[in-house]
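So you can see what is in the structure, the chains are spelled out below.
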Amino acid sequence: MGIDATLVDLYSIPFDRDALLDLANRNGGNILTVEDNYGAGIGGAVAEACCDAGDAFTVRQMFVSRIPKSCRTEDEVMRMCGLDPKSIVSAAAAMVGVRQ
Amino acid sequence: MSFEAAVHAKAIQLDQLSLDMTAASGSGHPTTAMSLGHIVTVLLYQSMRWIPSDPTCPTADRLVLSEGHAVPIVYAACADLGTLVGKDPATRRALTIDDLKGLRNADSVLDGHPNPAEGFPFFDAATGSLGQGLSIAAGLGLAARQDGLDRRIWCIVGDGESREGQIWEALEFLVDQRLGNVVPIFNCNQYGQSDKVSSLQSAEAIARKLEAIGIVAIAIDGHDPKQIKDAFDKAAKAGTQVHAVVARTVKGWGSATVQGGGWHGKPATGDKLKAAKDELDSMRLKLTSSLASSGTLKPTAPAVRTVAAKPATDPMTFPQAMKAFDMASVMGTGKFATRKAYGLALRAAGRANPAVWALDADVKNSTFAEWFANDRELSSRFVECKIAEQNMASVAVGLSAAGKIPFASSFAKFLTRAYDQIEMGMNSGANLKLVGSHSGITPCSDGPSQMALPDVAWFRSLASVRDHRGNPGCYILQPSDAWSAYALTQVMAEYEGMCYMRMFRPEVEFLYGADTVFNLGKFEVLTEGRDLMIVTAGLMVHECN
Numbered sequence: 001m002g003i004d005a006t007l008v009d010l011y012s013i014p015f016d017r018d019a020l021l022d023l024a025n026r027n028g029g030n031i032l033t034v035e036d037n038y039g040a041g042i043g044g045a046v047a048e049a050c051c052d053a054g055d056a057f058t059v060r061q062m063f064v065s066r067i068p069k070s071c072r073t074e075d076e077v078m079r080m081c082g083l084d085p086k087s088i089v090s091a092a093a094a095m096v097g098v099r100q
Numbered sequence: 001m002s003f004e005a006a007v008h009a010k011a012i013q014l015d016q017l018s019l020d021m022t023a024a025s026g027s028g029h030p031t032t033a034m035s036l037g038h039i040v041t042v043l044l045y046q047s048m049r050w051i052p053s054d055p056t057c058p059t060a061d062r063l064v065l066s067e068g069h070a071v072p073i074v075y076a077a078c079a080d081l082g083t084l085v086g087k088d089p090a091t092r093r094a095l096t097i098d099d100l101k102g103l104r105n106a107d108s109v110l111d112g113h114p115n116p117a118e119g120f121p122f123f124d125a126a127t128g129s130l131g132q133g134l135s136i137a138a139g140l141g142l143a144a145r146q147d148g149l150d151r152r153i154w155c156i157v158g159d160g161e162s163r164e165g166q167i168w169e170a171l172e173f174l175v176d177q178r179l180g181n182v183v184p185i186f187n188c189n190q191y192g193q194s195d196k197v198s199s200l201q202s203a204e205a206i207a208r209k210l211e212a213i214g215i216v217a218i219a220i221d222g223h224d225p226k227q228i229k230d231a232f233d234k235a236a237k238a239g240t241q242v243h244a245v246v247a248r249t250v251k252g253w254g255s256a257t258v259q260g261g262g263w264h265g266k267p268a269t270g271d272k273l274k275a276a277k278d279e280l281d282s283m284r285l286k287l288t289s290s291l292a293s294s295g296t297l298k299p300t301a302p303a304v305r306t307v308a309a310k311p312a313t314d315p316m317t318f319p320q321a322m323k324a325f326d327m328a329s330v331m332g333t334g335k336f337a338t339r340k341a342y343g344l345a346l347r348a349a350g351r352a353n354p355a356v357w358a359l360d361a362d363v364k365n366s367t368f369a370e371w372f373a374n375d376r377e378l379s380s381r382f383v384e385c386k387i388a389e390q391n392m393a394s395v396a397v398g399l400s401a402a403g404k405i406p407f408a409s410s411f412a413k414f415l416t417r418a419y420d421q422i423e424m425g426m427n428s429g430a431n432l433k434l435v436g437s438h439s440g441i442t443p444c445s446d447g448p449s450q451m452a453l454p455d456v457a458w459f460r461s462l463a464s465v466r467d468h469r470g471n472p473g474c475y476i477l478q479p480s481d482a483w484s485a486y487a488l489t490q491v492m493a494e495y496e497g498m499c500y501m502r503m504f505r506p507e508v509e510f511l512y513g514a515d516t517v518f519n520l521g522k523f524e525v526l527t528e529g530r531d532l533m534i535v536t537a538g539l540m541v542h543e544c545n
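Those sequence lines, one after another, are chains G and L. The opening position of the first sequence corresponds to residue 1 in the working numbering, with each subsequent residue numbered one higher. The opening position of the second sequence corresponds to residue 1 in the working numbering, with each subsequent residue numbered one higher.
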């Protein structure tokens with residue numbers, strides 16, 4: 001697909017902001033956050049860190065943005081909430097200007 | 001002087017100090033305090049076994065003031081008895097009567113409501129957000145029983161406050177757990193803030209409800225010294241049968257000027273203050289027949305004053321635990337749910353450290369806390385809290401105050417109904433470990449009633465403040481695989497402060513191995529590219545990978 005992405009497992013909040021933003025800078029300042037909960041979580045924390053740093057970052061947040069309902073499978077609920085691998089790849093491609 | 005006269009004289013002295021300190025601060029709840037003058041006198045100067053110069057003595061009786069706004073009466077007694085105060089144990093000093101004037105000042109240890117973290121170690125936890133104290137008392141009672149300590153936990157609950165559901169969660173918990181060492185004292189002064197309490201919170205109705213769940217209710221006049229003393233003596237001989245004292249009291253006792261509606265949370269000033277204190281002086285003359293001092297009342301120290309420390313050892317590693325607990329074959333599959341890794345890690349932590357406790361709210365077979373519960377070496381440190389998460393969170397605060405390391409687990413969704421209790425735990429400086437399973441949207445077939453969705457945002461708000469140790473108010477931990485879940489559980493057990501660990505349902509492949517070290521505040525880089533940084537956690541690491 002031509003997306004050369006860094007994948008960060010941000011298992012702790014709060015986190016080492018400087019280290020994370022250094023890594024973002026080595027990725028053109030492009031940050032995509034992905035979480036399986038409502039907003040103001042990881043994406044909010046990362047955006048806040050970027051804002052406080054004052055450098056130029058582009059942050060796109062993916063989170064659960066609709067009230068979910070029951071589904072038969074995990075894949076189905078991920079698709080319903082726009083968090084399935086295909087949606088994540090599309091969002092990543094759009095950020096770096098890669099045509100899919 | 002007779003016992004009765006001595007108690008009246010002391011109660012009146014404390015009532016007057018409560019009026020003075022709230023007048024000086026310009027705010028506070030003198031009339032609630034005055035409804036407790038006699039009860040607090042008998043408790044602190046007679047029935048409670050404690051040492052004012054050693055307010056954190058690990059064997060002493062404790063008082064949990066669930067209706068925290070009544071705190072001036074306790075501050076008055078503690079000042080009169082020279083109780084040590086201060087944040088730093090090395091530089092604590094005796095509280096003085098003069099200090100009471102500083103009530104609610106920014107630089108005073110006398111916070112508006114009880115809080116040990118602000119320098120008043122007589123209390124074990126922050127209270128004042130109503131309904132939570134009895135659960136905290138239950139946690140202290142559980143720890144005392146497990147440690148073999150003859151320690152009694154007294155807990156004062158307001159009548160209006162007993163409308164809170166958590167009070168009944170706690171009472172039923174006391175009965176389930178046969179915690180006769182916890183003594184609830186209901187202060188039935190009949191008035192709430194804006195109105196009288198409902199007839200369902202009358203002394204009679206509360207006593208009937210207590211009896212209905214198997215608690216012996218001792219009904220008394222809360223301003224009669226002998227009745228109070230006799231009730232406390234009876235409760236003290238309770239064994240495992242829970243006894244509660246239901247005291248009929250008068251809000252603003254002794255002073256007609258400040259009685260009745262409209263006096264909640266209102267200090268008396270000027271002429272009203274003088275009138276109230278004069279009325280109390282008249283009561284003293286009437287009830288004691290003299291102005292003789294009440295120096296005969298003194299607290300009794302506990303018989304034993306120290307507890308032997310139980311040392312901890314290093315916990316097993318993940319592979320060692322898998323082997324020790326007969327799951328070595330699972331290691332080979334390379335797949336394990338984070339919640340199972342938690343259960344395994346909790347069991348290993350419990351084996352390594354006698355201070356580690358586990359609590360669960362009837363989902364222990366989903367959170368895998370049952371692996372701790374079913375271990376014979378650990379089962380006495382497992383607490384089944386039933387479907388009552390608010391009580392569970394505050395019980396954990398009480399356990400923490402007794403020096404334990406409580407891990408409280410449930411579905412992440414249901415932990416979030418204890419938001420307020422958790423926040424009060426943070427204010428208390430509690431060493432809480434909260435563990436939510438089935439987070440996010442993966443409980444797909446159940447729908448959003450079982451999914452934790454705003455949890456990260458809320459705990460992140462707590463993570464944004466500094467606690468009294470200077471650490472984040474909370475760490476949110478989201479392990480993505482079994483290795484990280486195991487390691488982060490051990491990190492939580494070692495760290496002193498609040499953590500929330502979020503786990504999910506599915507079985508997932510290992511992403512890490514023995515070489516990776518997980519620490520609070522850190523992250524892992526799984527792949528390194530140049531165009532875009534994807535930041536995620538937990539299950540979503542697998543979706544993004």
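It is worth saying that the hints were derived from the structure and are not from the lab. Check the hints yourself; a few may be wrong.
[Said to hold, decoys possible] Anything over 12 Å on all C-beta distances counts as not near chain L; from chain G, calculated: (1) Gly44; (2) Ala56; (3) Gln100.
[As the list claims (entries may be wrong)] If you want the footprint, here are the derived chain L segments under chain G, 3+ residues with CB under 8 Å: (4) 49–62; (5) 396–404; (6) 479–493; (7) 519–531.
Treat the numbers as computed from the prediction; the structure is a model and nothing was measured. Positions of the beta carbon are idealized from the N, C-alpha and C atoms, including for glycine.
Evaluation of the provided hints:
1. Gly44: Gly44(G) not clear of chain L: closest Cβ-Cβ about 7 Å, inside 12 Å.
2. Ala56: Since the minimum Cβ distance to chain L is about 14 Å, Ala56(G) lies beyond 12 Å and the statement holds.
3. Gln100: Correct as stated: the minimum Cβ-Cβ distance to chain L is 14 Å, above 12 Å.
4. 49–62: This one is violated; 0 residues, fewer than the three required, reach chain G with a Cβ under 8 Å.
5. 396–404: violated (count 0)
6. 479–493: This one holds; 4 residues, not fewer than the three required, reach chain G with a Cβ under 8 Å.
7. 519–531: With 13 residues closer than 8 Å to chain G, the segment 519–531 of chain L meets the three-residue bar; holds.
Of the numbered hints given earlier, the model fails hints 1, 4 and 5; all others are met.
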